[in-house]
Amino acid sequence: MKLLQNSGIPIYKQIAEQLKSDILSGKMKEGEYLPSIRGLAQELRISVITTMKAYEELQAEGLVTAVQGKGFYVNAQDTELRREQHMRKVEEALSEAIKAAAVAGLSDQELVETLQTLIEFSRS
Amino acid sequence: MMRNEIADALTGRNIAKSFGKFRLDIPELHIPEGFATALIGENGAGKTTLINILAGIRNDYKGEVTYFEEKAHVNDAGIKERIGYTGSKNYFLSYWTGDQVRELAGLLFDSFDPVRFDGICKSLAIDSSIFGKTGKAVSKLSDGNLMKLILATVFARNTDILLLDEPASPLDPLMRDMLSDMIRSYLAEGNGKRSVFFSTHNISDMESVTDYCILMEQGRIVEQGFVTELKEKYIVVKGDKENTEAARKLLLTCQANSFGFEGIALAEDMNRFAGMQVEFETPSLFQISVAIMRQNTALTMPEIA
Numbered sequence: 001m002k003l004l005q006n007s008g009i010p011i012y013k014q015i016a017e018q019l020k021s022d023i024l025s026g027k028m029k030e031g032e033y034l035p036s037i038r039g040l041a042q043e044l045r046i047s048v049i050t051t052m053k054a055y056e057e058l059q060a061e062g063l064v065t066a067v068q069g070k071g072f073y074v075n076a077q078d079t080e081l082r083r084e085q086h087m088r089k090v091e092e093a094l095s096e097a098i099k100a101a102a103v104a105g106l107s108d109q110e111l112v113e114t115l116q117t118l119i120e121f122s123r124s
Numbered sequence: 125m126m127r128n129e130i131a132d133a134l135t136g137r138n139i140a141k142s143f144g145k146f147r148l149d150i151p152e153l154h155i156p157e158g159f160a161t162a163l164i165g166e167n168g169a170g171k172t173t174l175i176n177i178l179a180g181i182r183n184d185y186k187g188e189v190t191y192f193e194e195k196a197h198v199n200d201a202g203i204k205e206r207i208g209y210t211g212s213k214n215y216f217l218s219y220w221t222g223d224q225v226r227e228l229a230g231l232l233f234d235s236f237d238p239v240r241f242d243g244i245c246k247s248l249a250i251d252s253s254i255f256g257k258t259g260k261a262v263s264k265l266s267d268g269n270l271m272k273l274i275l276a277t278v279f280a281r282n283t284d285i286l287l288l289d290e291p292a293s294p295l296d297p298l299m300r301d302m303l304s305d306m307i308r309s310y311l312a313e314g315n316g317k318r319s320v321f322f323s324t325h326n327i328s329d330m331e332s333v334t335d336y337c338i339l340m341e342q343g344r345i346v347e348q349g350f351v352t353e354l355k356e357k358y359i360v361v362k363g364d365k366e367n368t369e370a371a372r373k374l375l376l377t378c379q380a381n382s383f384g385f386e387g388i389a390l391a392e393d394m395n396r397f398a399g400m401q402v403e404f405e406t407p408s409l410f411q412i413s414v415a416i417m418r419q420n421t422a423l424t425m426p427e428i429a
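As you go down the protein sequences, you meet chains V and S in turn. Sequence positions in the first sequence follow the working numbering and run 1 to 124. Sequence positions in the second sequence follow the working numbering and run 125 to 429.
Just so you know, not all the hints are guaranteed correct.
As the list claims (entries may be wrong) - Capping the alpha-carbon separation at 27 Å, the derived lysine-lysine pairs in DSSO-like fashion look like this:
id	chain 1	residue 1	chain 2	residue 2
1	V	LYS89	V	LYS20
2	V	LYS20	S	LYS355
3	S	LYS317	V	LYS70
4	V	LYS99	V	LYS27
5	S	LYS365	V	LYS13
No wet-lab data here; the hints were simulated from the structure.
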């Protein structure tokens, strides 16, 4: 996990985002426990309350469940929700590409062709 | 484990103590269990007086202080064994040597582990000339080395709460960073049952280990809360000089110069800055603390010629 101290994004948000992507990508499996709040704080060298807030965010989004005295485990992920989350990521990345293309003065046609070429490349 | 399920490691009620013009007056004190709590305030705010009362060093006060789930008094059997206290002045008798410190700590506390103590002294590179038959007196140590030795005696014990009076002040930046790691490890080992309460002026250096914060001014608690909550409660506002006067009315503290201003406001007042050219920023614990201290202080900026 990489935490940036001066990115302007609160540390707890960075932790929540990275764990969220681990959960949605299936890297963290259903039923698996997140590291203990104090264990993670110790490892990441941040305050306990920061980790706690990150976990509370994940809980509020329904990604994990808290068990008194045991910690937080990963919930079963709704495949529909997961697809939606992935879709949003794809849209974000493509929007970035559209912006970059506009700056570079690429036509729509050229942009689509570039995408097609890249798809073919990644398959070969 | 949600926020509202957090228990107190230590509870205080109607704590009062006066000497001269100074009056300590704390109707309620809650130190959350499982976290590191920082006690912040100006010199003379009453931080050391409070810690001494909590540690049982000072008993001439009114009010009630109870420890842990069982609401025990500091002098109840076995309670001091579970408390690790450090101060700076006269912590050891000046002529004690390192060996005597080790021996006395073992006599005073059952859980004191001399092997762990030696390990910590070695890890922290505490001046070894105080140990052995011809060991020097601890009064010969530098302030930094003395604090490291004091911390070693406390971390060599198995305790449930640490009360540390200004542990970071005499330490260098690297050692402050290590102290933060030591506190985090202590909390992690306790699995939610161990707590740390420390006073500090070194807010920025200790922010990464501060969970809860209590701000004291002139014997009273003027603000407290989890750091994450305080950072949402307050907001830094910066703007150009055209807006200085209008913004000043909304700011808790305002530092103006010929270019513009910078101050702290309540986040709930953010939309009242509408129409002004301002930038908002999440405050650091240092910025929050200084703003609150400015609001309550008797100090003013002197003319410097």
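Now for the hints, and whether the structure bears them out:
For the proposed pair LYS89/V and LYS20/V, the alpha carbon gap of about 13 Å is at most 27 Å, so the pair holds. Of the supplied pair hints, the one linking LYS20/V and LYS355/S holds, its CA atoms being roughly 23 Å apart against a limit of 27 Å. In summary, the hint linking LYS317/S to LYS70/V is supported, as the alpha carbons are separated by about 13 Å, within the 27 Å threshold. For the hint pairing LYS99/V with LYS27/V, the CA-to-CA distance comes to about 31 Å; that exceeds 27 Å, so the pair is violated.
A distance of roughly 34 Å separates the Cα atoms of LYS365/S and LYS13/V; the hinted pair therefore is violated under the 27 Å criterion.
The structure fails hints 4 and 5 (numbered hints given earlier, in ascending order).
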